[in-house]
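**Q** Sequence:
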Amino acid sequence: MSPVEKRSVTIRGHRTSYSLEKPFFDDLVAIAAARKLTLAALVAEIDEARPRDANLSSALRLYVLDWAKRGMKSSS
1 MSPVEKRSVT IRGHRTSYSL EKPFFDDLVA IAAARKLTLA ALVAEIDEAR
51 PRDANLSSAL RLYVLDWAKR GMKSSS
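Numbering-wise, full-length UniProt numbering puts 69 at position 69 of the sequence shown, and it's gapless, one number per residue.
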């Protein structure tokens, strides 16, 4: 099991942090590259779309999970 690692990012000029396990972080980096975005831009996009009562770390994990599920459906 991978430990949770805390990371920081600047979103719209505001410094914030999130905590993710390494596999989620690695997938997030890969998704950003596949979409030709910086990691900060992808995190900002996810942050903008998340419900205000959801925390950023959870929103990032759910985004990675959704991306993986959509990929599995398209390869079936």
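There could be a bad hint or two in this list.
[Claimed, not checked] Calculated pairs, DSS-like style, for lysine-lysine (alpha carbon to alpha carbon, straight line, at most 30 Å):
no.	residue 1	residue 2
1	6	36
2	6	69
3	6	22
4	36	22
Treat the hints as calculated values from the structure; they're not laboratory data.
**Q** Are there hints from earlier that the structure breaks, and if so, what are their numbers?
**A** No hint contradicted; all consistent.
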